[in-house]
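Construct the entire structure; sequences and hints are all you get.
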Amino acid sequence: MIEDIRIEIKKSLAKAVHEAFQLSKSPDEIPVDIQTKPEFGEFSSNLCIQLLKAAGKKQEEIALEIILRFEKPEFVDSVEAMEAGGVYYLNFFLDFPAFGDKVLREVLSSKDDYGKSDFHKGQKLLLEHSSINPTGPINVGRVRNSLIGDTMAGLARAVGWDVETHFYVDDMGKQVATIAWGIENKISEKYSLTFDERGEPVLEETDGPAENELLSRYEKYADKPDFKVFFTYVPTTKLIEDENLDSEIDELAERCEEGEEESIGRLKKVVEDVLAGQKQTLERLGITFDSFDFESRFVLDGSAQKAIEDLKALPQSLELDTGANAIDLSEFGLERRGGGTVFQRPNGTSVYIVRDVAYHRWKLGQADANLIVLGEDHKVEYKELKTILKLLGDLKDDNLLDVVHFAFVGMKGRRMSTRKGVIVSVDELLDEGIDRAEKEVRSRNEELDDEKVAEIAKQVAIGAIKYHMLKVQTMKQLTFSWEDALDFEGDAAPYVQYAHARASSILRKGGVFEDTSIPENIVFTNESERDLTRLISHFPSIIFTAAAERRPHLLPDYAYKLATQFTEFYHKSPVLGAEEPEVKESRIAMVKATRQTLRNCLSLLGIESPDRM
RNA sequence: GGGCCCAUAGCCUAGCCAGGAUAUGGCGUUUGGCUUCGGACCAAAAGAUCGAGGGUUCGAAUCCCUCUGGGCCCGCCA
24 MIEDIRIEIK KSLAKAVHEA FQLSKSPDEI PVDIQTKPEF GEFSSNLCIQ LLKAAGKKQE
84 EIALEIILRF EKPEFVDSVE AMEAGGVYYL NFFLDFPAFG DKVLREVLSS KDDYGKSDFH
144 KGQKLLLEHS SINPTGPINV GRVRNSLIGD TMAGLARAVG WDVETHFYVD DMGKQVATIA
204 WGIENKISEK YSLTFDERGE PVLEETDGPA ENELLSRYEK YADKPDFKVF FTYVPTTKLI
264 EDENLDSEID ELAERCEEGE EESIGRLKKV VEDVLAGQKQ TLERLGITFD SFDFESRFVL
324 DGSAQKAIED LKALPQSLEL DTGANAIDLS EFGLERRGGG TVFQRPNGTS VYIVRDVAYH
384 RWKLGQADAN LIVLGEDHKV EYKELKTILK LLGDLKDDNL LDVVHFAFVG MKGRRMSTRK
444 GVIVSVDELL DEGIDRAEKE VRSRNEELDD EKVAEIAKQV AIGAIKYHML KVQTMKQLTF
504 SWEDALDFEG DAAPYVQYAH ARASSILRKG GVFEDTSIPE NIVFTNESER DLTRLISHFP
564 SIIFTAAAER RPHLLPDYAY KLATQFTEFY HKSPVLGAEE PEVKESRIAM VKATRQTLRN
624 CLSLLGIESP DRM
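Heads up: the first sequence runs through residues 24 to 636, numbered per the numbering used here.
Please note that the accuracy of each hint is not assured.
Unchecked claim - Computed cross-link-like contacts, BS3-like style, restricted to lysine-lysine with a CA-CA straight-line distance of at most 25 Å:
| hint | residue 1 | residue 2 |
| --- | --- | --- |
| 1 | Lys329 | Lys197 |
| 2 | Lys607 | Lys125 |
| 3 | Lys292 | Lys261 |
| 4 | Lys419 | Lys406 |
| 5 | Lys81 | Lys48 |
| 6 | Lys243 | Lys462 |
| 7 | Lys532 | Lys475 |
| 8 | Lys209 | Lys197 |
| 9 | Lys386 | Lys406 |
| 10 | Lys584 | Lys499 |
| 11 | Lys80 | Lys34 |
| 12 | Lys95 | Lys125 |
| 13 | Lys419 | Lys409 |
| 14 | Lys329 | Lys386 |
| 15 | Lys81 | Lys38 |
| 16 | Lys80 | Lys38 |
| 17 | Lys499 | Lys406 |
| 18 | Lys329 | Lys413 |
| 19 | Lys34 | Lys48 |
| 20 | Lys402 | Lys386 |
| 21 | Lys435 | Lys494 |
| 22 | Lys81 | Lys34 |
| 23 | Lys607 | Lys584 |
| 24 | Lys243 | Lys213 |
| 25 | Lys134 | Lys144 |
| 26 | Lys584 | Lys481 |
| 27 | Lys595 | Lys60 |
| 28 | Lys147 | Lys413 |
| 29 | Lys147 | Lys419 |
| 30 | Lys386 | Lys144 |
| 31 | Lys95 | Lys60 |
| 32 | Lys409 | Lys386 |
| 33 | Lys197 | Lys406 |
| 34 | Lys147 | Lys406 |
| 35 | Lys34 | Lys76 |
| 36 | Lys435 | Lys261 |
Said to hold, decoys possible - Distance ranges between label pairs, derived from CB positions:
| hint | residue 1 | residue 2 | range |
| --- | --- | --- | --- |
| 37 | Thr59 | Thr372 | 48 to 58 Å |
| 38 | Gly309 | Glu455 | 12 to 22 Å |
| 39 | Thr590 | Ser132 | 21 to 31 Å |
| 40 | Glu106 | Asp316 | 56 to 66 Å |
If you are wondering where the hints come from, they were derived from the structure by calculation, not from laboratory data.
Because the structure is a prediction, the values reported are computed rather than measured.
Just so it is clear, CB atoms sit at the ideal spot from N, CA and C, and this is done for glycine as well.
Structural data, given as structure tokens:
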């Protein structure tokens with residue numbers, strides 16, 4: 024609706040410009056912005072200064088000529104030229120009763136679909152995200168990937184894509200072989216694990232019962248399979264490092280690589296354990312996947328081998344002095360020290376990129392377009408992969424494979440590292456958050472039973488955590504802090520949820536919570552009503568931009584603005600106490616529309632909207 | 001050594017890609033506000049040489065160059 028009006032304004036302006044100055048401009052070239060400041064109207068354009076040279080006239084003359092010829096599209100009430108800082112803006116004001124009426128009607132009739140469009144209808148998007156290493160529980164660093172991925176999935180669906188989510192499981196590498204070896208050799212029973220003052224793991228061989236500092240720290244999660252593996256992974260990596268046991272691990276990894284099913288089975292068992300634990304955590308966050316793609320599959324079905332052969336056939340392919348096979352991508356600005364990106368070791372085994380190529384060839388065949396969420400540490404790898412896929416002829420169009428990168432989540436002072444046992448697990452964060460939220464909810468709602476309190480506490484805590492990690496631009500580095508992650512005040516999910524709960528509360532009190540009727544006539548009597556409705560009207564544009572430009576943080580940003588605007592409305596415009604029945608009906612419609620829009624926005628973020636909290 | 005990303009008040013952050021209206025909010029600080037639809041709230045105040053320097057432009061937080069600080073990458077790990 025808002026975009027429709029914008030397009031109409033652009034068309035009309037293009038026409039006016041043509042008539043006035045004989046300049047041909049396509050509507051796309053006409054700048055028209057959605058205004059966030061109501062005093063400048065609903066839309067504005069700096070077209071006059073843009074035309075300065077081409078028209079050869081002063082801005083005020085240009086403005087006059089355009090306004091004179093501008094044919095007002097539906098809902099546009101007036102155009103005004105306003106000068107500021109030497110620029111003449113064209114500001115477009117809408118016929119508010121008509122526009123607002125239409126907006127509210129649209130929200131109330133579209134309900135959960137408000138904001139969505141069918142732009143990509145009939146197209147399938149394969150979205151790979153998370154793909155967390157199977158070395159232990161999900162930490163707050165890795166989970167940024169999942170949260171961005173899940174939100175992008177929602178956004179993609181909201182603009183019409185048929186989305187399929189995938190999780191790539193690394194069940195082949197050295198890391199996994201290390202764990203399998205460690206478990207089979209009962210490392211965590213033979214060695215005590217402690218950490219020195221620098222946080223480095225220290226091992227000590229023992230005959231008696233082994234101590235494990237990680238186990239005592241995470242006693243609560245001792246039975247969770249991903250933690251169990253973590254307890255073994257840390258001492259085993261350390262042992263291998265100390266004792267130079269690489270060859271034993273390499274041998275195991277090599278046998279997997281050769282497709283030996285028994286070895287692959289040994290690794291896969293470990294991986295499935297970790298994955299089961301990770302899935303539990305993801306499910307607590309409400310994140311699920313349509314498919315888990317095991318790396319080993321691409322070895323077993325021969326597609327990795329096929330990829331090696333195809334790579335060797337490329338003109339950029341070469342054999343290095345060491346006997347390894349590599350591909351030289353320097354002509355694409357992707358230089359490697361050794362002279363190329365190695366894809367096959369001298370012993371004939373393949374490097375991860377081969378399986379990545381095989382995997383992506385498969386993925387490209389599954390959907391109309393592909394999107395991946397990857398940490399910034401994989402930027403080069405992604406570029407190489409994409410370049411290779413183009414060289415191989417598997418990627419015909421750049422747009423068919425796209426990526427969202429994100430910066431790392433750090434901890435004050437040191438980097439998170441599973442290998443060193445330095446993590447903040449998502450489970451502990453959730454548990455701590457729910458604990459805090461429960462106290463808060465209980466103190467505010469004495470009448471609620473324990474079960475209801477627990478449910479709301481969960482929604483609040485999970486909301487706060489997700490919102491906190493999603494409200495910042497993906498490329499901005501985050502420093503994790505318990506206080507910030509679990510802050511329930513200010514620009515945080517609970518504030519938005521609270522506005523929603525208040526809206527619900529008004530509807531309950533007014534006895535219209537279940538009522539879906541829309542009043543015959545909607546009236547606007549003050550600015551707070553218009554500002555609120557105007558902001559509601561922006562939601563579809565927000566979704567569209569966030570989805571197209573892969574900027575999920577626009578959603579928390581918008582949710583907070585809308586919640587704030589609702590609070591202002593709440594204080595200035597009594598709903599149930601409104602004297603005129605028409606005003607009361609209209610305001611109820613605004614409350615319903617706000618509640619619906621807040622819900623829809625939070626829902627895209629994977630955040631629930633409790634009706635009381 | 002080379003490449004990519006980030007830098008906005010004491011702290012966190014929007015705006016940057018498509019340059020233009022007094023730079024967006026939050027936390028914290030100070031002051032005030034619950035007999036009126038829920039105080040996880042509201043109103044107000046103070047707080048910014050938009051990392052530094054140069055350039056392009058009528059106009060730069062936004063584009064270009066140089067530099068500084070931080071992160072990431074430059075594995076025959078994945």
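Contradicted hints - numbers only: none
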